[in-house]
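Residue strings, one per chain:
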Amino acid sequence: MSAVDVLGAPGPPPVETAAWRRRARGLRGLPLQAKIGAGILAFLVLVALLAPLIAPYGQNQLDFDNILSAPSPSHLFGTDSTGRDVFSRTLYALRVDLAIVVVVTYIPLPIGVLIGAMAGYFGGIVDSVVARVIDVMIAFPFFVLVIAVIAVVGPGVKGVLIGVPIVAWALYARLARSEMLVMREQPFMLATTALGYSRRRAILRHAVPNLMRPCLIYSTLDMVVNLLLLASLAYLGLGAQPPNAELGSIVADGQSTLLTAWWVATLPGLVVVLFGVGAGMLGDGLSDGRLRGGVQ
Amino acid sequence: MTALLRIEGLRVEFGDGDAPLVAVDGAGLSVAPGEVVGLIGESGSGKSLTCRSVMRLVPRPGRIAAGEIEFDGRDVLAMSAQELRDFRAHDAGMIYQDPFSSLNPVYRIRDQIAETLRVNLGVGKADARAQAVELLDGVGIRDPERRALSYPHELSGGMRQRVMIALATASRPRLLLADEPTTALDVTTQAQILALLLRLRAERAMAVLLVSHDFGVIAQVCDRVVVMYAGHVVETGPLAALYTNAQHPYTRALLESVPELESAGRRTRRPGIAGVPPELTEVLPGCVFKPRCRHAQPGCEAISMALEPVSEGHETACPVRPFAGTGSAPTARAGAQR
Amino acid sequence: MTDQLPLLRVEGVMKEFGLRRTASERVARSAAEAHRAVDDVSFALRRGEILGLAGESGSGKTTLARCIVRLIEPDAGVIELDGVDVRAASGPELRELRRRMQMVFQDPYASLNPRMTVATALLEVGRVHRRPGAENGEQFVRDALERVHLGPGIATRRPRELSGGQRQRVAIARALAAGPEVLIADEPVSALDVSVQAQLLNLFGDLRDELGVAILFVAHQLAVIAEIADRVAVMNRGRLVEVGETAAVFGNPQDEYTKALLAAHPHIRLSRVAS
Numbered sequence: 002m003s004a005v006d007v008l009g010a011p012g013p014p015p016v017e018t019a020a021w022r023r024r025a026r027g028l029r030g031l032p033l034q035a036k037i038g039a040g041i042l043a044f045l046v047l048v049a050l051l052a053p054l055i056a057p058y059g060q061n062q063l064d065f066d067n068i069l070s071a072p073s074p075s076h077l078f079g080t081d082s083t084g085r086d087v088f089s090r091t092l093y094a095l096r097v098d099l100a101i102v103v104v105v106t107y108i109p110l111p112i113g114v115l116i117g118a119m120a121g122y123f124g125g126i127v128d129s130v131v132a133r134v135i136d137v138m139i140a141f142p143f144f145v146l147v148i149a150v151i152a153v154v155g156p157g158v159k160g161v162l163i164g165v166p167i168v169a170w171a172l173y174a175r176l177a178r179s180e181m182l183v184m185r186e187q188p189f190m191l192a193t194t195a196l197g198y199s200r201r202r203a204i205l206r207h208a209v210p211n212l213m214r215p216c217l218i219y220s221t222l223d224m225v226v227n228l229l230l231l232a233s234l235a236y237l238g239l240g241a242q243p244p245n246a247e248l249g250s251i252v253a254d255g256q257s258t259l260l261t262a263w264w265v266a267t268l269p270g271l272v273v274v275l276f277g278v279g280a281g282m283l284g285d286g287l288s289d290g291r292l293r294g295g296v297q
Numbered sequence: 073m074t075a076l077l078r079i080e081g082l083r084v085e086f087g088d089g090d091a092p093l094v095a096v097d098g099a100g101l102s103v104a105p106g107e108v109v110g111l112i113g114e115s116g117s118g119k120s121l122t123c124r125s126v127m128r129l130v131p132r133p134g135r136i137a138a139g140e141i142e143f144d145g146r147d148v149l150a151m152s153a154q155e156l157r158d159f160r161a162h163d164a165g166m167i168y169q170d171p172f173s174s175l176n177p178v179y180r181i182r183d184q185i186a187e188t189l190r191v192n193l194g195v196g197k198a199d200a201r202a203q204a205v206e207l208l209d210g211v212g213i214r215d216p217e218r219r220a221l222s223y224p225h226e227l228s229g230g231m232r233q234r235v236m237i238a239l240a241t242a243s244r245p246r247l248l249l250a251d252e253p254t255t256a257l258d259v260t261t262q263a264q265i266l267a268l269l270l271r272l273r274a275e276r277a278m279a280v281l282l283v284s285h286d287f288g289v290i291a292q293v294c295d296r297v298v299v300m301y302a303g304h305v306v307e308t309g310p311l312a313a314l315y316t317n318a319q320h321p322y323t324r325a326l327l328e329s330v331p332e333l334e335s336a337g338r339r340t341r342r343p344g345i346a347g348v349p350p351e352l353t354e355v356l357p358g359c360v361f362k363p364r365c366r367h368a369q370p371g372c373e374a375i376s377m378a379l380e381p382v383s384e385g386h387e388t389a390c391p392v393r394p395f396a397g398t399g400s401a402p403t404a405r406a407g408a409q410r
Numbered sequence: 048m049t050d051q052l053p054l055l056r057v058e059g060v061m062k063e064f065g066l067r068r069t070a071s072e073r074v075a076r077s078a079a080e081a082h083r084a085v086d087d088v089s090f091a092l093r094r095g096e097i098l099g100l101a102g103e104s105g106s107g108k109t110t111l112a113r114c115i116v117r118l119i120e121p122d123a124g125v126i127e128l129d130g131v132d133v134r135a136a137s138g139p140e141l142r143e144l145r146r147r148m149q150m151v152f153q154d155p156y157a158s159l160n161p162r163m164t165v166a167t168a169l170l171e172v173g174r175v176h177r178r179p180g181a182e183n184g185e186q187f188v189r190d191a192l193e194r195v196h197l198g199p200g201i202a203t204r205r206p207r208e209l210s211g212g213q214r215q216r217v218a219i220a221r222a223l224a225a226g227p228e229v230l231i232a233d234e235p236v237s238a239l240d241v242s243v244q245a246q247l248l249n250l251f252g253d254l255r256d257e258l259g260v261a262i263l264f265v266a267h268q269l270a271v272i273a274e275i276a277d278r279v280a281v282m283n284r285g286r287l288v289e290v291g292e293t294a295a296v297f298g299n300p301q302d303e304y305t306k307a308l309l310a311a312h313p314h315i316r317l318s319r320v321a322s
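Residue numbers (this note's numbering), protein chains in the order written: chain A, 2 to 297; chain B, 73 to 410; chain C, 48 to 322.
Hint data in this document are derived by calculation from the structure and do not stem from the laboratory.
Do not take every clue at face value.
Claimed, not checked - Stretch-level coverage of chain C by chain A, calculated; a stretch enters the list once three of its residues show a Cβ under 8 Å from a Cβ in chain A:
| hint | region |
| --- | --- |
| 1 | 171-177 |
| 2 | 220-227 |
| 3 | 234-247 |
What the hints assert, rightly or not - Some, not all, of what chain A presents toward chain C, calculated at C-beta under 8 Å:
| hint | residue |
| --- | --- |
| 4 | 82 |
| 5 | 83 |
| 6 | 84 |
| 7 | 132 |
| 8 | 188 |
| 9 | 189 |
| 10 | 191 |
| 11 | 196 |
| 12 | 197 |
| 13 | 198 |
| 14 | 201 |
| 15 | 207 |
| 16 | 211 |
| 17 | 215 |
| 18 | 267 |
Stated by the list, open to error - List of simulated lysine to any residue pairs, SDA-like, C-alpha gap at most 20 Å:
| hint | chain 1 | residue 1 | chain 2 | residue 2 |
| --- | --- | --- | --- | --- |
| 19 | C | 306 | B | 260 |
| 20 | A | 159 | A | 244 |
| 21 | C | 306 | B | 334 |
| 22 | C | 306 | B | 263 |
| 23 | C | 306 | B | 332 |
| 24 | C | 306 | B | 362 |
| 25 | B | 362 | C | 210 |
| 26 | C | 306 | B | 366 |
Note that CB positions come from ideal geometry on N, CA and C, so glycine has one too.
If we strip away everything but chain A, and leave its shape as in the complex, we get (with noise of 0.2 Å):
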């Protein structure tokens, strides 16, 4: 799948924003921090979309009369020791990465929240099997596990859109499931029981959607760590093989000139710090909103 399909793809923090302002008086009912988080990330989703448009050079094109050379109006972020633009390769980098941490985000979510709701509805054995299961996955080093999956597959994106679903689904399982076992005995849910109605559409159409928004806020968070995650394997040179970029391997190529040229690894860098602060204010913000909108 290409980055853009997944970019240009309702992306969730959208929907996120929507379901909320039909529920709580317009976006102006968010909390400011909410909104200036939405605002960051809706930029860094902008710009990593149009990145064809707007790097001024290829990801990958060399320019040996310009080595090394320091942030100016023509080289933005100036230039790696191939004289390759910084700017353009964070900008193609950020596209690439993003792209991975929402599919590795969002394809869990919706499997965690139907195994939890489903655990948390039934009760009994099934809830038992599920909660223990989450508890191995939970407890299971999540980095080892990643790399483990690397070391079978092969380095580059692969492992890590197979590794993270792997575990991640049970992040949201044992959030959902939790919320579930308070929702099951609320008087809404009783009385799908009480209509006779099936408990498939218990769960899929009445406990679902108001499992989502927990969930969801929660994602914010959970895309963070996986970028970092992704910065980090790609650091190590587990991530997206050269020469094409990802936010870690330009940080991780710009290291041995940092002192001469600190530009390279401290500017991308700064990206992913960006993207976890606007994630961050994002998430708190919505659960700020979640607690004083009180829906139950």
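Assemble chains B and C onto chain A, guided by the hints.
Relative to the frame of chain A, chains B and C by itself:
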């Protein structure tokens, strides 16, 4: 008789200053020493806010925007932080609907009462513990020594409310503000709590402002009644006058809505009140009850909602008086219960 | 209507809850002490009557109501709807029984899905149970709302945009949309203001008189039951202590607990004003 508590023109607002939402609008009432006054209304009438205003405990973001609150000649709204603490500690006590959430779950009952005594009355530690047991005894808790060592969750709802009453009346205040004190309780427990309030009133000449939505509760213990609707006081008067000769259409409609045991077996239809109370965002000209009033007539949108006297101590905000001369039913049994 | 077969027959129903075990008891695997929430309860609900179920909090009335539609599984006893064994049913058969015995809950806000509009919620019931008329969505919703005296204008609203009384009417409309023969109403007016409560009681009366629905009306307010119920059953600590015609039970109670309950009830004790 001079009033112990006098509220006049009270206005409680929410929202921003330019276009505030007015939750209580020009409410006034008074409570004489030793008197039990019932403040009745449906949800959203502003009765609880009015009650809390006396303690200056209006929940944020609400605020008291205008009005006067006078306790024994002192201006409550002008009190400094220190004076206010003093006022709350010694002069007025307050109890709430939910006695569980008002008690700290991690401390023993005895220690919570003792803390109040130490902080508010400066009683020594050992004395405070001994007094705590006495206070529990005073509110009718059996085996007070043992109960004093309990944690809140080990007590029944009725006992917790007794503990709250012991706490609120520890400093022998002259006024007790009771905000729906029996709403969360069963009827048998409710009767006991109301009896306790009446006993304390008799023993200590303590005045009570009792907020309730239940006419039955009000009828059992109150001397006078204040009826609120949509932030306004619409009628006030002695219990008997109000129950038998209500002059405001809202009071009548409300009274007629109350189901009665006496109609057991008869298929009873009560009209209730059509429509819903106005939202805080709606500003109605004139009478706020007009849209739901069966006796509304042209001109109702121009009245001032000011209370006008009907008879001694009985006032109504309805100048139309659709019931003039129809009331004064002879079989007033108000207070016969007590 | 004395000799006719009851529509709903409940006999010897029992439900025990294990009290929460302490950690040491869990380790020792010792059985927790059981609390009998519903203890050998028997009664019959006749066609077209309102049976009031009175009792204080903790009396087991809500547990009993939920046992009847098996929101809670009873431990023992017989529950029969129109001769069909409710406890033996499962799958589609159970769902059909639940359709015929609809429930109305105390808190009308919490019992409606906050994300669904009124129309969606009503139509869903019609479609799930393939009720006649459900193909024509708009008309179905309009009829359902009319049955509870609501205008069609509120069809597009969500629960939080409705007043308490409107929400409870919608909850009742939703129950009726399934075409039930029995309504089990668990404290349906307790959360409402008295002026709204009066109108809802009238509605329950209309449902009995006009649609012929039999109603088990659970309430802790005796006066409410006095005005709405044809017969009353009084529950205390899991047991039914007295059952009979409302006027007879309230006018001449036999059981000590019923007497105490009636004595504690706050009366207005003032003659009604004329309007």
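Proposed interface contact between residue 83 (chain A) and chain C, which counts if any beta carbon pair is under 8 Å: Since chain C brings no Cβ nearer than about 54 Å to residue 83 (chain A), farther than 8 Å, the hint is violated.
Taking only the CA atoms, is the gap from residue 159 (chain A) to residue 244 (chain A) under or equal to 20 Å? Cα-Cα ~17 Å, so holds.
Quick check on the hint: residue 211 (chain A) CB to chain C CB, less than 8 Å? Since chain C brings a Cβ to about 7 Å from residue 211 (chain A), closer than 8 Å, the hint holds.
Minimum Cβ distance from residue 201 (chain A) to chain C below 8 Å? Constraint on residue 201 (chain A) not satisfied, violated at 11 Å.
Check, residue by residue, whether the region 171-177 of chain C contains three or more positions whose beta-carbon lies closer than 8 Å to a beta-carbon of chain A, and give the verdict. Held - the region 171-177 of chain C has 4 residues with a Cβ nearer than 8 Å to chain A, which meets the minimum of three.
Chain A covers the region 220-227 of chain C, three or more CB atoms within 8 Å, holds or violated: Since three or more residues must qualify, the claim that chain A covers the region 220-227 of chain C holds, with 3 doing so at under 8 Å.
Holds or violated: is there a CB of chain C closer than 8 Å to the CB of residue 267 (chain A)? Violated, because the Cβ-Cβ distance from residue 267 (chain A) to chain C comes to roughly 45 Å (cut-off 8 Å).
Status of the hint placing residue 188 (chain A) at chain C (closest C-beta pair under 8 Å): holds, 4 Å
Given hint residue 260 (chain B) paired with residue 306 (chain C) - CA-CA distance at most 20 Å: Status holds; Cα separation ~11 Å.
Tell me if the straight-line CA distance from residue 306 (chain C) to residue 334 (chain B) falls inside 20 Å. holds, 15 Å
Interface hint for residue 207 (chain A), Cβ within 8 Å of any Cβ on chain C: It holds, given that the least Cβ distance between residue 207 (chain A) and chain C is near 5 Å, below 8 Å.
With chain C as the partner, please determine if residue 198 (chain A) meets the hint condition of a C-beta pair closer than 8 Å. Check passed: Cβ of residue 198 (chain A) comes within 6 Å of chain C, closer than 8 Å.
In this structure, the hints that do not hold are numbers 3, 4, 5, 6, 7, 14, 17, 18, 24, 26, in rising order.
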